[in-house]
Amino acid sequence: MSDTQTQSAKAAPRRPQPAQEVESVTIRFAGDSGDGIQLTGMQFTTSTALAGNDLSTLPDYPAEIRAPVGTLPGVSGYQIHFSSREVLTPGDAPDVLVAMNPAALKANIKDLKKGGILIVNTDAFTAANLTKVQYAKSPLEDGSLSDFRVISVELSRMTGNALAGLALTKVQVERCKNFFALGMMYWLYDRPMEATLNWIEKKFKKTALLVEANQKALHAGNAYAETAEIFGAHYSVRKAPIAPGVYRNITGNEATALGMIAASQKSGLDLWLGTYPITPASDILHELCKHKEFGVKTFQAEDEIAAIGSAIGASFAGHLAATSTSGPGVALKSEAIGLAVMTELPLVIIDVQRGGPSTGLPTKTEQADLLQAMYGRNGECPVPILAPATPAECFSMAYEASRLAIKYMTPVFLLSDGYLANGSEPWLIPDADKLAAFEFPTLPEADKYKPYLRDERTLARPWAAPGLSGYEHRLGGLEKQDVTGNVSYDPDNHERMVRLRAAKVNKIAQDIPATQILGAKKGKVLVIGWGSTYGAITAAARNAQARGQSVSSIHLRHLNPLPPDLGDIISQFEHVLIPEMNMGQLLKIIRAKFAINAVGLNKIKGQPFKIAEVETGIDALAGGGRN
Amino acid sequence: MENKEELTALPAHGPMLTRKDFVSDQMVRWCPGCGDFAILATVQKLLPSLGIPREKYVFVSGIGCSSRFPYYMNTYGFHSIHGRAPTLATGLKCARPDLQVWVITGDGDGLSIGGNHLIHALRKNVDLKILLFNNRIYGLTKGQLSPTSEFGKKTKSTPYGSTDQPINPIALALASEATFVGRVIDTDLARFAQVLERAAKHKGSALIEIFQNCIVFNDGAWNEVSDKATRDENNVDLIHGQPLIFGKNRDKGIRLNGFKPEVVTFAPGQPPKDLLVHDETSAPLAYMLAHMERPDFPTPQGVFRSVQRPALHELIDGQIAQARKASGAEPDLQALLRGSETWTVAA
Ligand code: SF4
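Protein sequence lines correspond, in order, to chains A and B.
Numbering of the first sequence is given in the working numbering, commencing with residue 1 and proceeding in unit increments.
Numbering of the second sequence is given in the working numbering, commencing with residue 1 and proceeding in unit increments.
Note that these hints are calculated values from the structure, not bench results.
Here the structure is a predicted model, which means the values were calculated and not measured.
Idealized CB from N, CA, C, for every residue including glycine.
Some hints here could point you the wrong way.
[Unchecked claim] To give an idea of the chain A side of the interface with chain B (calculated C-beta under 10 Å), a few residues:
id, residue
1, Thr46
2, Gln172
3, Leu209
4, Ala240
5, Pro244
6, Ala262
7, Gly268
8, Asp270
9, Gly318
10, Gly470
11, Arg474
12, Ala592
13, Ala595
Just chain A, same shape as in the assembly (with noise of 0.2 Å):
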């Protein structure tokens, strides 16, 4: 493979080339956090949705805002996987690696798959961007690349060329180099490209030249793909066979954000988000704070612990309160979530995990607070935990844990992680009409009324906000009285109160569906998951089945309490294995509970599972199959 191509193609004639179908993609675009990587892939995202098939995506950005040009911390990535059948992963080894300059070439060209189409900005490939990632000599001459079909690209020079008419600075010509990039995308894999025609001309309407200037550089790629013919063919996916209804994309942040605003509304309670910025929460925060016409409340507090300090103060004044954060600001809330434990309010505790310990790894996923979650607080102190598993699922499970939070009366945990909350997936919109309903706890007349008095279904006590007269009572920390709630420091209360908790917050085992089984309900080997590793656990253990292995597979989203079926489930099984992003938290919790050699398959590298990885897993337990 040469790079001739490029320059000698410029005068071929055009003429429409049929395109080649193929199954699934990956492509992974990478290059400086500069270069707009993030806002190509979301672009790409959406017009592989609106051609219909079903995809899944993974950014991969830096820790650092702006580090420094052209360096390996400054690579920003991010990959998308597409098919014509069910995607549930981001992909394991891109087919196609898009690398903007040396660095981004640098720290992704080990993902490539042997034989795939690596593009390369040889612009970008000068001798001071080489040094800066230690190599010698340029890999696109030193035959390193061999084993893969490398397209370089002039894309500087190209989208100046294309932009030569036009009244710009060299900067705002290097800026749509991106945009020729995605253009020649678009036309390798059969993409269409309105969607982002019209974004560019909604993102630059203030500057009529801008929108000429990128809407001609996504052209000009388009184009120059086409007619210099430097890809030799182009591939085409078709529409997966996905349920029918009306879907649009979306990132775990954005659903968690709308399935908290779909609470309120569900619930009639004003929404209140105290929350304190933190990486990869924000994003919450940021989508709750454009909705106001909702009557959301967002609080940017002073810290972790004023915000959801503020939130339990929402909550005893009767509205729907949560707090983001991710791990480190977990720690900082502990002591006030035991309050919120102690004087049973609902409140919904979003955790996005991310690289753990101290500050660990900003931007990567972990899923290493499970134990934190379950028992990082002083004292008995039991809360409920739920995790999504897909991006999507966070809408359902944040609405979920406020149903729960409310019926029950305690704060509830909700764990996603960076790779649910920037991952997106096509997302089937809910109706809006048939979200389950919201129960509370009930309020006696004020005659009758105590404080912690218990519903008997539920155990929880009544929530009686301030302004209702004849309710006035005092809350707080100490030891609660049962019944009354007035401060009690006698030994046999305060051990029935511990027990009452911990009763209280098992009873949600009553409002947890039956555990779906993915294969047989007997077998060799059950996979357990949860959270975010659903995609890879999911893909592995069909690919397993297919093979001929006895495998099975569980999902789950309840951690605290645990499915009630989970026991009999696990009964039926010679192996349990369980595959988390952490040194086996899960594990550890099903072991004590059930007694059991259950296995751990962990990953601790802040990426996610890849599909093979789950299979050697079950390879070793299931044994055989496997040709």
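Given the coordinates of chain A, work out where chain B with the ligand should sit on it, guided by the hints.
Then chain B with the ligand, alone, in the frame of chain A:
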């Protein structure tokens, strides 16, 4: 300068309440002789006169002796965690502007562990009535140094004397742009009642530093200014529009010498014309007064600052109203879920 204050909640139309309506059935557990008793009584006496229904009051506290206060009030109350009362109170008040929310805190709770929350509640002008019980010691944990303890002070945790410069709560509140800042002595009931009433009627954050005597761990901390024999000489009353005059015979006053205040003496009834006149709206004056300290100066008592600025809940509600107006129609959940870009998969 005009200094308009209005009630933040509507007057009740029910039967007149009395002090007794605000007394809870819980036994008060402060040490006999503690300054907290007088504060509790003064608050319980004031509330019925404000015309606010009892169920609209909420008392929120942190941790410490003073923070037991909500248990003794027959209103809604929340005894929260150490230092965090302003955070709960902020959520409560902004969620429910119809409530009148009081924060009870102390020098340790409000200025040490909760210092951050106090300054932010004040700067955001959250409509809270904050009573800061300052006894210059940790009482509940039995006698350690507090952030207002004097430099060199020997306490259980500083047997060799404190190495720390104390915080000046009034200066801190002013620096946080609090819109109402006052100071009273727990036993000075008449002035306490006046300042308390003004704080209650102030719209926005109101902080009152209360010199409170801890009879067990720091008895007499405020004797110089609270003792009958010396208090007239050692305090100066802050009255808006009035010159700063003090002394048993009202024969001393405060005058500016360049940027510095100084004490002048004069024949009773014949104050010099150039005495400093108190102005509750002047920030520089309030700072200067905050730094007038014993023994060089009398301790200022009363209202240092009172100005009007929109309260946080008004701003939040204003933005919601604006967003509703801009969106025109009733908020539509289904439209929100649809978002702007959708595609349809046919059956
Ligand atoms: S220790 Fe001091 S402040 Fe606390 S109750 Fe006793 S006297 Fe009052």
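query: Does Ala240(A) pass the interface hint, meaning its C-beta sits closer than 10 Å to a C-beta of chain B?
result: holds (9 Å)
Hint check: 10 Å Cβ-Cβ cutoff, Gly318(A) to chain B: Where the cut-off is 10 Å and the nearest Cβ of chain B is about 7 Å from Gly318(A), the hint holds.
message: Under 10 Å is the threshold here; is the Cβ of Thr46(A) close enough to any Cβ of chain B for the hint to stand?
response: Holds, because the Cβ-Cβ distance from Thr46(A) to chain B comes to roughly 6 Å (cut-off 10 Å).
message: Quick check on Gly268(A) please, does its C-beta sit within 10 Å of some C-beta on chain B?
response: Constraint on Gly268(A) not satisfied, violated at 12 Å.
- request: Grab the minimum C-beta distance from Gly470(A) to chain B and call the hint holds if it beats 10 Å, violated otherwise.
  value: This interface hint holds because 8 Å falls under the 10 Å limit.
field: Supplied contact hint for Asp270(A), tested at 10 Å Cβ to chain B
entry: Given a least distance of 7 Å, the restraint on Asp270(A) holds.
task: Report holds or violated for the interface hint on Pro244(A), using the least CB-CB distance to chain B and a cut-off of 10 Å.
output: holds (4 Å)
field: Given hint Ala595(A) near chain B, where the shortest CB pair must fall under 10 Å
entry: Nearest chain B Cβ about 37 Å off; hint violated.
message: The hint names Arg474(A) as touching chain B; please verify it with the least Cβ-Cβ distance against 10 Å.
response: At 4 Å from the nearest chain B Cβ, Arg474(A) passes the 10 Å test, so the hint holds.
- prompt: Was the hint right that Ala592(A) lines chain B, CB cutoff 10 Å?
  reply: Because about 30 Å separates Ala592(A) from the closest Cβ in chain B, which is outside the 10 Å limit, the hint is violated.
- prompt: Is the shortest C-beta separation between Gln172(A) and chain B less than 10 Å?
  reply: violated (27 Å)
field: chain B contact restraint on Leu209(A) - CB to CB distance below 10 Å
entry: Constraint on Leu209(A) not satisfied, violated at 25 Å.
Against the hints set out earlier in the document, violations occur for numbers 2, 3, 7, 12 and 13.
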